[in-house]
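> Keeping their order, the protein sequence lines are chains A and B.
Residues in the first sequence are numbered from 47 upward in steps of one, following our numbering.
Residues in the second sequence are numbered from 47 upward in steps of one, following our numbering.
Read the hints as simulated data drawn from the structure, not as lab findings.
The reader is advised that the hints may include incorrect statements.
Identical copies carry no separate label here, and so any pair may be met within one copy or between two of them.
Unchecked claim - Think about it this way: if two alpha-carbon atoms lie no more than 20 angstroms apart in a straight line, the pair counts; the simulated DMTMM-like pairs of lysine to aspartate or glutamate are: (1) Lys158 x Glu181; (2) Lys388 x Asp289; (3) Lys388 x Glu243; (4) Lys158 x Asp69; (5) Lys158 x Asp281; (6) Lys253 x Asp385; (7) Lys351 x Glu250; (8) Lys161 x Glu334.
Number of protein chains: 2
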Amino acid sequence: MRIPTIGIGVGPNCSGQVLVLHDALGLTEGHRPKFVRAYVDCFQLLQEVLSRWATDVRKGAFPHHKSPIDFLKAFAIDSRTGPPVIQRDRRHNMQTITTVAELRRVLARARKADKRIGFVPTMGYLHQGHLTLVEASRAQTDVTVVSIFVNPAQFGPNEDLSTYPRDFLRDQELCRDAGVAIVFAPDVQEIYPTQFETFVEPGELAKPMCGAFRPDHFRGVATVVGKLFNMVQPDVAFFGQKDFQQCAVVRRMAIDLNLPIEIVTVQTVREPDGLAMSSRNRYLSEEERRRALAISRGLFAAADKFRLGERDVEQLIAIAREHLNTVDQLQYLELVDADTLKPAESPLRRTAALCAAAYVGSTRLIDNVILPLSTP
Amino acid sequence: MRIPTIGIGVGPNCSGQVLVLHDALGLTEGHRPKFVRAYVDCFQLLQEVLSRWATDVRKGAFPHHKSPIDFLKAFAIDSRTGPPVIQRDRRHNMQTITTVAELRRVLARARKADKRIGFVPTMGYLHQGHLTLVEASRAQTDVTVVSIFVNPAQFGPNEDLSTYPRDFLRDQELCRDAGVAIVFAPDVQEIYPTQFETFVEPGELAKPMCGAFRPDHFRGVATVVGKLFNMVQPDVAFFGQKDFQQCAVVRRMAIDLNLPIEIVTVQTVREPDGLAMSSRNRYLSEEERRRALAISRGLFAAADKFRLGERDVEQLIAIAREHLNTVDQLQYLELVDADTLKPAESPLRRTAALCAAAYVGSTRLIDNVILPLSTP
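Please put together the full structure from these sequences, using the hints given.
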């Protein structure tokens with residue numbers, strides 16, 4: 047006669063074995079009997095939660111400003127407007143973190159809980175382009191990390207490092223509203239401590255176009271992105287197509303250095319009139335802002351001709367150049383193979399990118415359009 | 047009169063606010079009042095733990111094989127043989143893996159099971175020095191990975207890449223006997239596919255000594271070790287002190303690129319007569335083997351004098367140099383600061399390393415001794 051038995055701590059020859067919930071959750075301290083399977087270490091988790099709460103109370107961060115009083119107000123009936131419409135609060139608990147150690151600690155927990163981590167590296171002064179990257183990340187991952195760090199290593203000695211626009215509090219608000227889980231905002235010492243000396247050196251992809259005019263720029267980009275990748279260890283990272291060459295360099299770096307990170311390029315977000323969004327647009331005077339439009343207009347004109355069948359490289363470049371005469375200095379206008387960034391061969395047979403960099407006043411702007419062809 | 051008050055959900059104007067533990071832990075489903083601060087989402091965590099447990103039960107993975115019954119059996123006394131001698135089986139299932147994808151797959155499983163991963167990167171042709179690294183790894187971690195890869199990027203055009211000694215089957219046996227869990231033996235295409243072009247570029251530490259004689263050597267080392275680190279993602283990696291400058295470059299790289307990996311340097315293993323173990327020793331003829339002893343003898347002589355109190359840099363170098371006259375070419379003999387690798391200042395006040403590289407016949411050998419001082 048077979049009698050089903052359920053045991054506890056007596057091995058697999060029973061029909062089943064009891065697992066005490068507290069044990070499964072790791073809620074016990076110290077020695078765990080061999081027959082217990084803990085799926086998480088809640089004991090440690092609990093200690094951490096309580097110590098954080100205690101810290102918050104001590105530094106006055108709990109209770110916080112967005113108090114229930116404000117909350118109750120939302121239910122108060124205003125005699126003039128009638129009952130309020132109650133909206134779901136998207137202003138969740140966003141964390142701002144400034145050290146690598148704390149970032150790792152918080153993300154280790156997320157990773158342990160099998161959360162997919164999305165990463166949007168930025169230099170701050172966020173605009174809709176950045177927020178579109180955040181949206182893409184939120185759609186594909188569970189935890190979105192945005193870094194805000196103006197990276198000295200990617201600025202040349204005569205470039206705009208010191209004047210690069212910054213507005214951290216506004217960035218924080220935008221991130222919170224956009225549903226970002228973690229804003230990582232380290233200072234320069236945290237990223238480049240005094241003895242720092244190891245760089246990530248990209249290769250051929252970093253040489254043409256921006257690379258030719260900004261020596262060491264992509265070395266700085268590859269190094270900081272590589273470092274940030276190692277700090278965040280995201281599953282997916284999101285970059286804007288406006289920085290087309292940067293996307294190519296970063297994607298190559300991730301492959302070459304075996305970083306297990308998917309690199310997603312998100313389409314350039316533009317102002318209604320076509321100007322590619324950029325933090326540097328804020329440098330433009332009203333008059334410069336109008337003339338800056340020449341860049342996207344030129345690229346679009348070439349893209350239109352391409353759609354109508356034009357495949358001649360010289361022709362396509364010439365069309366774009368016509369519009370680009372209102373800028374103050376055209377640094378480059380190149381039609382390159384989208385994979386190798388080498389000059390595209392005429393007639394076009396593989397997907398190419400028409401890329402431009404130009405000064406309008408003292409502001410350097412870049413933009414590009416992709417001319418897609420199904421590669422044979 | 048001020049009366050301290052504690053409220054719940056009434057805002058920051060009380061002296062304090064109650065936070066219910068269940069709320070802090072996020073143990074409630076659905077809507078969270080605004081005044082609640084959840085530090086973790088235990089509700090979701092709980093669901094996840096329970097669903098994992100349910101999956102384990104359904105697929106028969108809980109209770110598991112290493113049940114208390116098996117465990118108790120080990121202690122059972124057999125009437126014929128007496129009490130069992132419990133031996134740990136060292137000839138376990140070692141895996142040899144050749145692709146990054148497979149390596150990641152296997153290690154992801156180990157990581158999921160909270161195993162600590164130890165890593166010993168080698169160029170194969172293993173000797174007791176390597177095996178000591180394996181021992182160190184086994185003592186500190188749960189899963190030891192040994193990579194065997196002769197890295198072309200660290201050989202100069204006129205160096206011994208093509209003749210570097212190889213014996214993969216013997217290496218495999220040695221690893222198995224030593225209790226290695228995974229031998230990772232990729233081919234060159236797996237590490238450097240055709241489009242590869244991104245390098246890790248070390249800084250000042252890579253310039254003196256070997257760096258001065260082997261241009262790009264440490265770039266090759268930093269790149270391949272960085273890549274291997276990203277493939278294996280170990281908790282700890284082990285390097286032999288014989289390659290002292292390599293240890294410094296790798297340690298710096300791990301810090302600079304924010305690789306969350308502890309770098310452990312293990313003391314040089316020597317032949318009974320003092321010669322530092324090296325795969326390249328096999329190049330030596332019997333006569334050369336005898337003359338090669340001059341290197342360690344010279345270094346030891348200086349170290350002895352140091353122990354007796356000698357702190358003068360020139361003196362210490364001179365003592366070593368006396369012995370080194372039997373080598374065919376002394377490439378360098380330098381006493382450097384152990385941290386910065388810059389020439390040590392006389393008299394010595396900080397830990398220094400006396401490092402030598404010399405040709406014996408056509409074989410280039412390196413060795414070093416540390417002269418330890420407690421840094422003020």
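> It remains to establish, for every hint, whether it holds in the given structure.
Checked hints:
Taking identical chains as interchangeable, the C-alpha atoms of Lys158 and Glu181 are never at most 20 angstroms apart, the minima being 24 angstroms within one chain and 29 angstroms between chains. In the homo-oligomer, the alpha carbons of Lys388 and Asp289 lie at most 20 angstroms apart inside one protomer (16 angstroms), although the nearest pairing across protomers, at 40 angstroms, exceeds that limit. Taking the closest pair of Cα atoms, Lys388 and Glu243 come within 20 angstroms of each other only across two copies (15 angstroms); inside a single copy the shortest separation is 30 angstroms, beyond that limit. Taking the shortest alpha-carbon separations for Lys158 and Asp69, both the intra-copy value of 18 angstroms and the inter-copy value of 18 angstroms come in at or below 20 angstroms.
With identical chains, the CA atoms of Lys158 and Asp281 are at most 20 angstroms apart both within one copy (13 angstroms) and between copies (16 angstroms). Taking the closest pair of Cα atoms, Lys253 and Asp385 come within 20 angstroms of each other only inside a single copy of the chain (14 angstroms); across copies the shortest separation is 35 angstroms, beyond that limit. Taking CA atoms no more than 20 angstroms apart as the test, Lys351 paired with Glu250 passes in neither setting, with 30 angstroms inside one copy and 52 angstroms between copies. Taking the closest pair of Cα atoms, Lys161 and Glu334 never come within 20 angstroms of each other, the shortest separation being 45 angstroms inside a single copy and 59 angstroms across copies.
Hints 1, 7, 8 from the list above are not met by this structure, while the remaining hints are.
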